[in-house]
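Chains as they are written, first to last, in UniProt numbering: chain A, 1 to 311; chain B, 1 to 309; chain C, 1 to 250.
Just so you know, the hints here were simulated from the structure itself, not pulled from any lab data. There could be a bad hint or two in this list.
[To be verified] Derived BS3-like pairs (lysine-lysine); straight-line CA-CA distance at most 25 Å:
#1 LYS78/B <-> LYS169/B
#2 LYS134/B <-> LYS73/B
#3 LYS70/B <-> LYS26/A
#4 LYS18/A <-> LYS78/B
#5 LYS85/C <-> LYS70/B
#6 LYS26/A <-> LYS73/B
#7 LYS26/A <-> LYS198/A
#8 LYS284/A <-> LYS270/A
#9 LYS73/B <-> LYS18/A
#10 LYS26/A <-> LYS78/B
#11 LYS284/A <-> LYS76/A
#12 LYS252/A <-> LYS266/B
#13 LYS269/B <-> LYS234/A
#14 LYS130/B <-> LYS18/A
#15 LYS269/B <-> LYS198/A
#16 LYS73/B <-> LYS130/B
#17 LYS234/A <-> LYS259/A
#18 LYS78/B <-> LYS60/C
#19 LYS60/C <-> LYS110/C
#20 LYS259/A <-> LYS269/B
#21 LYS209/B <-> LYS252/A
#22 LYS77/A <-> LYS26/A
#23 LYS70/B <-> LYS130/B
#24 LYS252/A <-> LYS280/B
#25 LYS252/A <-> LYS269/B
#26 LYS130/B <-> LYS26/A
#27 LYS134/B <-> LYS232/C
#28 LYS190/B <-> LYS130/B
#29 LYS198/A <-> LYS38/A
#30 LYS280/B <-> LYS18/A
#31 LYS70/B <-> LYS209/B
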Amino acid sequence: MPLDYRRFNGPDDSVSYKRFTDNYLKSYDELYEELIDKNSRRKDGRKLDEARSMCMFFARTDLISQAKGSAYIELKKTKVVCSVFDPREIPHQNEFSQLGQLYCEVKFAPFSCVRQRRPHAPDAEERALSVALRQALEPAVCRHLFPNYQVDVFVYILEHDGACLAAAINAAGLALANASVPMYDIITACSLAIIGEKVFVDPTEAEEHLAIMSPDTEGTNHGIITMSMMSELKQVSDFMQIGSMDVQCVTKVMEILEKECETIVPNIQKVLVLNVVQCFNQRKQLEAEAKEREAALNAKMEEWKKILNAG
Amino acid sequence: MAGLLLSPTEKVFILHGVQDDYRSDGRSNIDYRPMELETDVVSHASGSARLRLANTDILVGVKTEIDVPKPDKPDCGKLEFFVDCSANATPEFEGRGGEQLANSISNMMQKAYHSSQAFNLKQLCIFEGKQCWKLYIDILILECGGNLCDAVSLAVKAALFNTRIPFVKAALMDGGNIDLQLSDDPYDSKLLDVGSAPLLVTLCKIGDKCVVDPSAEEENCSVISLIVGLTGDRKYYYPKDADKQQSVESKCTTIGMNGPGSVAPKTLKDAINQGIVAAKSLDEALGQALLKERQQNIGIKKHSYGFLK
Amino acid sequence: MPGPDLLSSQGLRLDGRRPNELRRIRCKLGVFTQPDGSAYLEQGNTKVLAAVYGPHQASKSKSTTEGVVVNCQYSMATFSTGERKNRPRGDRKSQEMSLHLRQALTAAIKTELYPRSQIDIYVEVLQADGGAYCAGVNAASLALIDAGIPLRAYACACSASMAWRNGEPEPLLDVGHVEEAAGGVVLTVASLPNTGSIALLEMSHRLHMDYFKVVLSRAMQGCRDIEIILDKAVRDHLAEGWTKQDVVTI
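Construct the entire structure; sequences and hints are all you get.
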């Protein structure tokens, strides 16, 4: 792997000092205890089945002026920026492709993760996320409208506190709509973590970390599921599961995910409608200003004409 | 797949076949194509297997190396998957052309083997916190005839079943460093417990129905396929201690979707259930085949066919 | 000069062969269905697969009016060697081998028959135990025949080394991995034995001029031996093919 030579990386066999802190040495059970308190509330005060989409959700568009469309989504501590660029001809391609293509790239900011610093070169996780993002977005975009062209979607994860793929898909869907790329439906995504009997909707990083770790007891369900949906069409565009769980669990959880995906839709819709309203207001204002200017100009012209005629 | 051109009429023919549960090669929607499996084909590897599923040809070699365990998992070994799409399969894979496909398959395998319920990494531990085995699972795709994921997962499981890890004879402690002495005798080695290793099942949606084991032509007709990874059952691989263990329900270790289309939630559920049935029968057949081969190898020296058959 | 220990006092080599003996060659044509031609070849413990695609239209940048473009790729499976390889292809050795393959095979193919076309030849080494390049050329030659591409002659490759026995020079035919690693000279020849011409000659380490001729003639003898084996394999394959086809049509 290429190293970043401008940075002092330390000796090869060095380990992070965090390895020796109390936090790190906690056992699986201790970590599990920490996630939920006595009133069955999570660390950030949410209930188990409460997603961040309701109260801690913030989204806006037009963050990046260079891009055709852009979006920013915040789920409390998970912060994601997405930019979408104009269609351009597919580079290095010999054959004509009937359908337009989506090029997706997910990138973690070097400082985004709690546990390790992210390298500049794209690593395996980023590549996997990019593939998953494309898989999720492709069915939603009317690709036949721009044959032989590709639309670039770039996602930058500023801070990672769980459910980053879901946040990336939501942001990308919003940004695509903002860039006025024709789409069949609004695309939303949600993820959840499963540890034993408990289902954590919209998990934080700590919860995800524990869900991926294999418990000592045999046969316990654990894992993460991310699903993206086009709610109006009732179509699942991507479904990712990792971990180990029985099939009843998967099917049961799917309903929760479906509902959760639907609840995000109004949030996105609100942003988009606001966008349109804002756009109209802006245009009205611009028109008014233009009219004013024209009036002033006309007045000036009249004045000059008078002077000319008089002269 | 590469270089395959189907006319709309041919696609309609395949689609109608799937609708009537009678596919163009005479199978029903839940049938697999004939498979050939041989283990121990590469002598430089600790374990190897070659699987031929109709036109799809996969060769897997497992190599072992000694490594230092990760600090957060001191008692676990490591697994690494590497997929190489050989240009023998199609000229498009020349140079770096096959990398994207290779990455997606190795990602899928990595995810499927992630959980300890699928593959227990503790059996690769040599000395807690200091040394462990690292298994390099190298997958070589020699010919693509559709359904790569299933074939790869079957071949990997067979190769792991065949893998021998030498016993450690002695360990010398030398001021914190450990010097291992390994047994030289190739038969003085342990086998891995791979009974629960997952198998991937691809369900290809053609029309309204899902089919297992799609051929290259069928893959061309479909816009979306679902890949389900399900753990195996130990009783098929270790029948001797079958009575000691209760039958375990197979679990999903990974689910993924592939292709530009989308599916309705209900179809997704049905497909997963269909995948379980397919995975179970695959697992049983693989276990039987592997045990039979192992039985034959005891006593007489095995006749190796390799590619000469 | 290293070498005396390559031959025992009885005149046998490390793996029990006589100095002028090839390793056992087993081969099969038409192992795959998708390529236009394919072959599998085992030379001792070295196992090689070759596939041929084409002739097809050449890509614009490569196309020439003079003859067919021969495009070769040599890659080694990551598990083929004793120590695991990190990359199957793209390293310097594989690239060099690709060039050498191309050199040997271009000499054999009647290139003038297909202007503006391209033939792709892919060689995959599954197990390397010395002489992987030689096995690659031999397998590619079979694959070309399986694809029905007109050749001038069989392209055969063989290696030879040099040892001493009772003070007399004794060249060794078809060098294995152990003999290669022992550090002696290795002369690799790719030739068209039928026409007596040499397509590629490569030598590692140094060898006194006086002995060069002996080693070369031993390697050429090896090429001629290999040609007989390949020829028999092709004839057998075709005979088998015909009978099978007859059965099907009747």
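Quick rundown of the hints versus the structure:
1. LYS78/B <-> LYS169/B: Answer holds: LYS78/B to LYS169/B is near 21 Å, not above 25 Å.
2. LYS134/B <-> LYS73/B: Roughly 13 Å between the alpha carbons, so the hint for LYS134/B and LYS73/B holds.
3. LYS70/B <-> LYS26/A: holds, 16 Å
4. LYS18/A <-> LYS78/B: holds, 22 Å
5. LYS85/C <-> LYS70/B: With Cα atoms ~23 Å apart, LYS85/C and LYS70/B stay inside 25 Å; holds.
6. LYS26/A <-> LYS73/B: The given pair, whose Cα atoms are some 13 Å apart, holds under the 25 Å limit.
7. LYS26/A <-> LYS198/A: Given that 25 Å is the threshold and the Cα spacing comes to 20 Å, the pair holds.
8. LYS284/A <-> LYS270/A: holds, 21 Å
9. LYS73/B <-> LYS18/A: holds, 15 Å
10. LYS26/A <-> LYS78/B: holds, 22 Å
11. LYS284/A <-> LYS76/A: violated, 35 Å
12. LYS252/A <-> LYS266/B: holds, 12 Å
13. LYS269/B <-> LYS234/A: holds, 14 Å
14. LYS130/B <-> LYS18/A: holds, 19 Å
15. LYS269/B <-> LYS198/A: Holds. LYS269/B to LYS198/A sits at ~21 Å (cutoff 25 Å).
16. LYS73/B <-> LYS130/B: holds, 11 Å
17. LYS234/A <-> LYS259/A: holds, 11 Å
18. LYS78/B <-> LYS60/C: Violated: LYS78/B and LYS60/C sit about 46 Å apart, past 25 Å.
19. LYS60/C <-> LYS110/C: holds, 21 Å
20. LYS259/A <-> LYS269/B: holds, 16 Å
21. LYS209/B <-> LYS252/A: holds, 22 Å
22. LYS77/A <-> LYS26/A: Given pair LYS77/A, LYS26/A holds - Cα atoms ~23 Å apart, limit 25 Å.
23. LYS70/B <-> LYS130/B: holds, 9 Å
24. LYS252/A <-> LYS280/B: holds, 22 Å
25. LYS252/A <-> LYS269/B: Holds. LYS252/A to LYS269/B sits at ~10 Å (cutoff 25 Å).
26. LYS130/B <-> LYS26/A: holds, 20 Å
27. LYS134/B <-> LYS232/C: violated, 45 Å
28. LYS190/B <-> LYS130/B: holds, 20 Å
29. LYS198/A <-> LYS38/A: Status holds; Cα separation ~14 Å.
30. LYS280/B <-> LYS18/A: violated, 44 Å
31. LYS70/B <-> LYS209/B: violated, 44 Å
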